[in-house]
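Enquirer: Chains as they are written, first to last, in our numbering: chain A, 2 to 325; chain B, 869 to 1215.
Because the hints were derived from the structure by calculation, they are not lab data.
Errors might be hidden in some of the hints.
As the list claims (entries may be wrong) - Under the rule of at most 27 angstroms between Cα atoms (straight-line distance), these lysine-lysine pairs were calculated in the DSS-like manner:
{"#": "1", "chain 1": "B", "residue 1": "1035", "chain 2": "B", "residue 2": "1019"}
{"#": "2", "chain 1": "A", "residue 1": "37", "chain 2": "A", "residue 2": "190"}
{"#": "3", "chain 1": "A", "residue 1": "123", "chain 2": "B", "residue 2": "1138"}
{"#": "4", "chain 1": "B", "residue 1": "1095", "chain 2": "A", "residue 2": "7"}
{"#": "5", "chain 1": "A", "residue 1": "91", "chain 2": "B", "residue 2": "1095"}
{"#": "6", "chain 1": "B", "residue 1": "892", "chain 2": "A", "residue 2": "91"}
{"#": "7", "chain 1": "A", "residue 1": "37", "chain 2": "B", "residue 2": "892"}
{"#": "8", "chain 1": "B", "residue 1": "1055", "chain 2": "B", "residue 2": "1080"}
{"#": "9", "chain 1": "B", "residue 1": "1000", "chain 2": "A", "residue 2": "7"}
{"#": "10", "chain 1": "B", "residue 1": "1003", "chain 2": "B", "residue 2": "1019"}
{"#": "11", "chain 1": "B", "residue 1": "1055", "chain 2": "A", "residue 2": "123"}
{"#": "12", "chain 1": "A", "residue 1": "36", "chain 2": "B", "residue 2": "929"}
{"#": "13", "chain 1": "A", "residue 1": "123", "chain 2": "A", "residue 2": "7"}
{"#": "14", "chain 1": "B", "residue 1": "1035", "chain 2": "B", "residue 2": "956"}
{"#": "15", "chain 1": "A", "residue 1": "207", "chain 2": "A", "residue 2": "184"}
{"#": "16", "chain 1": "B", "residue 1": "1000", "chain 2": "B", "residue 2": "1041"}
{"#": "17", "chain 1": "B", "residue 1": "1041", "chain 2": "A", "residue 2": "123"}
{"#": "18", "chain 1": "A", "residue 1": "178", "chain 2": "A", "residue 2": "190"}
{"#": "19", "chain 1": "B", "residue 1": "1003", "chain 2": "A", "residue 2": "7"}
{"#": "20", "chain 1": "B", "residue 1": "1093", "chain 2": "A", "residue 2": "91"}
{"#": "21", "chain 1": "B", "residue 1": "1036", "chain 2": "B", "residue 2": "1055"}
{"#": "22", "chain 1": "B", "residue 1": "1050", "chain 2": "A", "residue 2": "91"}
{"#": "23", "chain 1": "A", "residue 1": "256", "chain 2": "B", "residue 2": "1019"}
{"#": "24", "chain 1": "A", "residue 1": "173", "chain 2": "A", "residue 2": "184"}
{"#": "25", "chain 1": "B", "residue 1": "1168", "chain 2": "B", "residue 2": "1138"}
{"#": "26", "chain 1": "B", "residue 1": "1055", "chain 2": "B", "residue 2": "1003"}
{"#": "27", "chain 1": "A", "residue 1": "91", "chain 2": "B", "residue 2": "929"}
{"#": "28", "chain 1": "A", "residue 1": "37", "chain 2": "B", "residue 2": "929"}
{"#": "29", "chain 1": "A", "residue 1": "7", "chain 2": "B", "residue 2": "1138"}
{"#": "30", "chain 1": "B", "residue 1": "956", "chain 2": "B", "residue 2": "1080"}
{"#": "31", "chain 1": "B", "residue 1": "1093", "chain 2": "A", "residue 2": "123"}
Said to hold, decoys possible - Derived CB-CB ranges, DEER-like:
{"#": "32", "chain 1": "B", "residue 1": "967", "chain 2": "A", "residue 2": "53", "range": "14 to 22 angstroms"}
{"#": "33", "chain 1": "B", "residue 1": "982", "chain 2": "A", "residue 2": "53", "range": "34 to 42 angstroms"}
{"#": "34", "chain 1": "A", "residue 1": "207", "chain 2": "B", "residue 2": "1212", "range": "55 to 63 angstroms"}
{"#": "35", "chain 1": "B", "residue 1": "1133", "chain 2": "A", "residue 2": "292", "range": "38 to 46 angstroms"}
Here the structure is a predicted model, which means the values were calculated and not measured.
Idealized CB from N, CA, C, for every residue including glycine.
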Amino acid sequence: MGETNKQVPVTVLTGFLGAGKTTLLNRILTEQHGKKYAVIVNEFGEQGIDNDLVVDADEEVFEMNNGCICCTVRGDLIRILSGLMKRADKLDAIIVETTGLADPAPVAQTFFVDQDVADRTKLDAIVTVADAVHLSTQLSDHHEAEEQVAFADVVLLNKIDLVDESRLDAVKERIKKINPFAKIIHTTKCGVSLSEILNLDAFNLKRILDTEPDFLTSDHDHEHDDDVTSLSFVSDTPLDMEKFQDWFSKLLQTKGQDILRTKGILDFTGENDRYVFQGVHMLMDASPMGKWPEGKERNSRLVFIGRNLESMNLKEGFENCKSA
Amino acid sequence: MKADSNKFPELNKTKFENRGKEFKLGIPVTNAITIGNSIAVGFGDGTVRIFRSGQISEPIKAHSGVVLSISKDGEDILTGGDDGRFLKISLDGEIKEIANFGSRWVDHVTAYNGSLVCTCGNIVYLWMPNKKEPKLLEHESTIGGVAFDSKGRRLAVSRYGGVTLWKKDYSNKWSSSNLIWKGSHNKVIFSTDDRFLVTSMQENQLHFWRLKDKTDSFMSGYGAKVKSFAFVYDSKFLVTSGSNEAICWPFDGNGPEGRKPICLPYVGNKLVTFVEPFPNENAIFTGLSDGSVFLSEIEKSTNTIIIRSFTESEVTTIAVTEDCSSILIGDIGGNILWTSIWDEEEK
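The whole structure should be built from the sequences, with the hints applied where relevant.
Expert: And the structure:
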């Protein structure tokens, strides 16, 4: 995913039916202040969307023939984004609303896999609207709800006026356990400042450096069920690049289906640059991101969000990458 | 080089540019269709303009968004837009709306002898001549491309997982068979002799079927998606974009399997974005990502001449008038060149 000014940012709105996606969408569109947005919707007709550029799409997920077993992309998005890029008037942003039961991975993977999409647009952030009243039940009943939280850069915890404080804390805990990176914003009726959900550049590798505090904790219970959880690791000993690449590529190849998202900042022996990466299932975006800041200690930090993480011997694998 | 070209732009112009007409419209050119010696051009603001003898018509306000697809029915232009409209436009600019699908896009349009086709999502809408209501041909996934064979008896519809081949019997009933190949298929064309069917895929490759025995294979090795391809010279070659060279696959005999393509290189090593056959010749016009356009003879790669120098905007369309006298080149930056192909003395 290259970086040029010409890339139009794409915000993906996920969330279960009734959580408030359309309310948020209409709020964005009425507060747009002269900006030109295209909105790609999938549940058209349920509630009106007040914008002159609404594209009706079918969520078409298809497999790529590139040998990567879990590499699915959204075919309709490739088609629509390519079409939108031919427009004479330039768009300020594109918003993709997904259906309530959608897995966000194919949407995110589209931006890694399709060169035309990656050249002209960029995934800005995945914003998940969650209903504070029903999220806990939805997380237990539907794996899609877990995926939507796991992939989120922002969770808009909506309808907080309908729950008491202890229930709100409990649901927040649940979100944090699945996804420690996501910024949680409390709202009633999706009342949020647009600057908190648009133009976040959350998939830019540089931004990962800005969210360093999220890497700190590594508290996790040992769960052995299908729940999505996260695990993070820190090492003050520099890593051996070859060992790390060997371990990590094998890990993604064999366990990529269960690993939903990864992020990391790495300190390799003999390298002056920080290495930053992020991944969605088996797909990775990685790059050296300049020198380590002076006076700051160098260390490696790595976070996984996924299922069955405990079975992957991640700690041992990571430890083995340390330079002898 | 660049500084020089800014200072003395006329010095870097080709003879074709010098004797032609340039139009700097600043609106992305999306597609074009030749109707006789006129060329209708579709734009990214939904307008269509007609070019004839180096003259440009007033903009025809056809669609509110992008002209996504263009074709012709006799002397009329057919367009599909991202405003959900399927239109028939006369050369003097009269617009007739054939269908309106609202917020669904009309992705592809084509026609054969008065039968009009547009696609919207996974459905082909087919209007038989003089019928008011269209026939609906439904597919399991969104349609990537649509094409009639040279006799109008078969309609190929590419989609996810292969191609649906619709066949019309003599009582005008349509039945379908499937050509299967995993993955997402986009543009589809028949060879000019109807023996082969070729699709471009989401992956950087093409797929082809030999229709008499339905054997199939792929053509790969491209650095980018193959968006533009066409058969030249009685289907002797399939010429393709998607690489830094124009890749020309031999389709005479049993087709390209086990044979090597001819690769035509160009100065500057830029991506080939558009290919257009030179009518009735074993030659092609090749448009590149920097806006330059060349004319090459396929089997004599030394016979390459430059038609247009670079504009820094990728070539999105090339069209030749029916009498082969003139060519129109359009790019994503909205630069259009209309020029005569032959020198005065060559005529």
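Enquirer: For each hint, tell me whether it holds in the structure or not.
Expert: Hint-by-hint comparison with the structure:
no.	hint	result
1	1035/B / 1019/B	11 angstroms, holds
2	37/A / 190/A	24 angstroms, holds
3	123/A / 1138/B	24 angstroms, holds
4	1095/B / 7/A	21 angstroms, holds
5	91/A / 1095/B	23 angstroms, holds
6	892/B / 91/A	18 angstroms, holds
7	37/A / 892/B	25 angstroms, holds
8	1055/B / 1080/B	21 angstroms, holds
9	1000/B / 7/A	44 angstroms, violated
10	1003/B / 1019/B	19 angstroms, holds
11	1055/B / 123/A	25 angstroms, holds
12	36/A / 929/B	24 angstroms, holds
13	123/A / 7/A	10 angstroms, holds
14	1035/B / 956/B	25 angstroms, holds
15	207/A / 184/A	17 angstroms, holds
16	1000/B / 1041/B	17 angstroms, holds
17	1041/B / 123/A	46 angstroms, violated
18	178/A / 190/A	25 angstroms, holds
19	1003/B / 7/A	42 angstroms, violated
20	1093/B / 91/A	24 angstroms, holds
21	1036/B / 1055/B	21 angstroms, holds
22	1050/B / 91/A	35 angstroms, violated
23	256/A / 1019/B	52 angstroms, violated
24	173/A / 184/A	11 angstroms, holds
25	1168/B / 1138/B	21 angstroms, holds
26	1055/B / 1003/B	22 angstroms, holds
27	91/A / 929/B	19 angstroms, holds
28	37/A / 929/B	21 angstroms, holds
29	7/A / 1138/B	20 angstroms, holds
30	956/B / 1080/B	35 angstroms, violated
31	1093/B / 123/A	19 angstroms, holds
32	967/B / 53/A: 14 to 22 angstroms	21 angstroms, holds
33	982/B / 53/A: 34 to 42 angstroms	35 angstroms, holds
34	207/A / 1212/B: 55 to 63 angstroms	58 angstroms, holds
35	1133/B / 292/A: 38 to 46 angstroms	41 angstroms, holds
Hint compliance for this structure: hints 9, 17, 19, 22, 23, 30 are not met, and every other hint is.
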